[in-house]
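J.: Place chain B with the ligand on chain A using the hints.
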Amino acid sequence: MSDDKPHAGGSIEPGDTSQRVGVTTLEERGLDVDELIDKLKAAAGAEFTTYYYYTNLRMHLAGHEDYKEITEDARLEDRAHFELVAPRIYELGGALPNDIREFANGASCPDAELPVPYEGDIPDTEDLTAEDTLEVLLEAERCAIRTWNEICDMTEGKDRRTFDMAQRILQEEIEHEAWFVELLSMERDGEINPAGHFVRGEPGEAPYSTNRRINDSA
Amino acid sequence: MTTYSVEIEVPDEHDIEGVDPGGSVTVEVDESEYVLAAARDQGVWLPAFCQQGWCTTCAAEVLDGDLDHSDAKRYYAVDAQAGFALTCVATPRSDLRLRACAEIAMKEHREANGLQPTP
Ligand code: FES
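Residue numbers (the numbering used here), protein chains in the order written: chain A, 1 to 218; chain B, 219 to 337.
Next comes chain A alone, as it looks inside the complex (with noise of 0.2 Å):
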């Protein structure tokens, strides 16, 4: 046993369900598991937020067809996301929040919200603009990427599943800012300012962060 190790002459008995090794492989290797659930919780919800607002952001987009594609893009991906770390959480011997406010409020990032007034149920979109809607866009996905490095960051050479996906979903969400970028700069700027956006196969592809279809859209 290395001191860089020192529970790693630790073991389970056979047939013992109430460890896992999957999660106490972790531990030998510094990685303090209970933190990184609470960070995975935290993103999750910043990504299942996300889906929610994005799909407010996206109807708000009307005439402006293209844009509304690519956000449905961003909007599909990132439930891939929510999919995609919703098991690992479990694996890890967490859970999601039962209450949707808990979670919804432990999120990593900011609510994505129509950046307009609301008056009683309907949004005051009066002075609404593609511009406003982009900005709020690009700042999502900014944040998005901040969680996930740190995320890749914290597991890195320590928790290879956790920082394979992590790793994945952050390519994801530095495409996404990279479209929005080239949209807002063509919208607000009047610039060209390519990402190299082209439409995915299908609407959510997440091209890399799938690990295996369970339906067409996630």
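Rather than coming from a laboratory, the hints here were simulated on the basis of the structure. In this text, all values refer to a predicted model and were calculated from it rather than measured experimentally.
In silico SDA-like pairs for lysine to any residue, Cα to Cα no more than 20 Å straight-line: (1) B:K325 - A:D32; (2) B:K325 - A:L96; (3) B:K291 - A:R142.
Here chain B is said to cover these stretches of chain A; the calculated rule only asks that three of the stretch's residues, wherever they fall, bring their Cβ under 8 Å from a Cβ of chain B: (4) 95-109; (5) 145-152.
Even glycine gets a Cβ: it sits at the ideal position worked out from N, Cα and C.
T.: Same frame as chain A, but now just chain B with the ligand:
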């Protein structure tokens, strides 16, 4: 451009790249810079997650000095009164002394005040 000296203390039990556990380090931060970004630029890898003033991962206790939190997405008057800073979006308004790694304390403070998040 005014630059301020920000002394950052790190509690014993925390392992922050760029500063000894239980030690302190001083970084220089422009009035327009966020404390976290300036510290990281100078090799002090303070904890962070959202970097939008929302999640409290970057929380620090303010031992001395003033900060501006106008860019924070979720920061309450009682947070300032209780002496908590979100270093990811806070800009200095004076020389500062901070104690890093206050996420748990800040979450407990929020919870005690009925504020979100309450995980
Ligand atoms: S890193 Fe989230 S509030 Fe600062």
